[in-house]
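Enquirer: Residues per chain are reported as follows:
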Amino acid sequence: MHVPDGLLRPEVWAGGWVLGGGGLAWAVARARKVMEKGLVPLAGVLAAFIFAAQMLNFPILPGVSGHMVGAALAAIALGPAMGVLVIFTVLAVQCLLFADGGVTALGLNTLAMGITGALVGYGLYRLVGGGNPSGWRRRAAAFIAGFGATVAASLVTSTAICLSTPYPPATVFGLMVGFHALVGVGEGVITAVVVEVLQGAGVLERRLEGGVAR
Amino acid sequence: MKRLTIGLIILGALALVAALVSPLASPYPDGLEAALERAGGDETAAVEEGGHLVDSPWPDYDAGGDGSAGSTILAGILGAVIVLALGLGLAKLLSLKKA
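Respectively, the protein sequence lines represent chains A and B. Residues 1 to 214 (the working numbering) are what the first sequence spells out, left to right. Residues 1001 to 1099 (the working numbering) are what the second sequence spells out, left to right.
In case anyone wonders, no lab produced these hints; they're calculated from the structure. Idealized CB from N, CA, C, for every residue including glycine. Treat the hints loosely; a few may be bogus.
One-sided excerpt, in silico: chain B residues whose CB lies under 8 Å from chain A [unchecked claim]:
1) 1065
2) 1066
3) 1071
4) 1075
5) 1086
Derived DSBU-like pairs (lysine-lysine); straight-line CA-CA distance at most 30 Å [unchecked claim]:
6) B/1002 to A/33
7) B/1092 to A/33
8) B/1092 to A/37
9) B/1092 to B/1002
10) B/1002 to A/37
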């Protein structure tokens, strides 16, 4: 879902930077308050996992592929603020070192996949899972979080495309949301599997210590 | 061993496996590219050709420059290590002065 340079109109990618930059500023301020030292290694290793997992495009339809984004996973593991910053780190490295996603579009890509993905993913996980869910409720919450984050990100990207191109909005939204609902199934499965690893590692209960959701 | 350490080792191993199998990733256009091709046709293809404004050292995850599987794996490992370092540094900076 990485938007390249040259697709978005200047007003649209600039707007993406304004909103994405605002979201990043919030994330930095929030993470400074709540990020625990003990979770620093997890932030690094999870970012590396998400980078590598994003390279693995899986087929969703004949001739169409998709890959996980990881925003819901990062937000569940580290809280939405640090989750946003982990995804931004991945997107910035992909764009600057691997020409994956545009430099001008990095703000919009951060807004869609990072900020929208992390907030929607985290919100859905808490909504479905409650405080610290166990068993199948946790797996269901993680699946829905991953699925919803991917679809929500595709809505933001679709909006930016519609504001920048003459393509019929119904076609853009229909194709984007349709394809990303299928990608979202894969995202949901991977999110649920890795959340089980986090549960085993004692990360999820730790994030709720003292009854405070970080 | 601490539970967190074991979890980190599992996640790190999954990242390594992902990098090692990355040459097997589907080569088809992703959801965004496929949607643009269908909605916009040829015009979009031109946009994607010129789709990057700055020169990247390893475009298209081809770290060796020869398009081989090894080159893709190397890109995956390089990228993962760089992201690991940046993630650790950023998280450390943000967590200073807290327990």
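Enquirer: Now tell me, hint by hint, if it's right for this structure.
Expert: Against the structure, the hints:
1. 1065: 13 Å, violated
2. 1066: For residue 1066 of chain B, the interface hint is violated, since the closest Cβ of chain A sits about 16 Å away, which is over 8 Å.
3. 1071: Status violated, d = 12 Å.
4. 1075: 7 Å, holds
5. 1086: 5 Å, holds
6. B/1002 to A/33: The hint holds at about 26 Å.
7. B/1092 to A/33: 13 Å, holds
8. B/1092 to A/37: Status holds; Cα separation ~7 Å.
9. B/1092 to B/1002: Within the cut-off at roughly 20 Å; holds.
10. B/1002 to A/37: Status holds; Cα separation ~16 Å.
Hints 1, 2 and 3, counting from the list given before, are not met by this structure.
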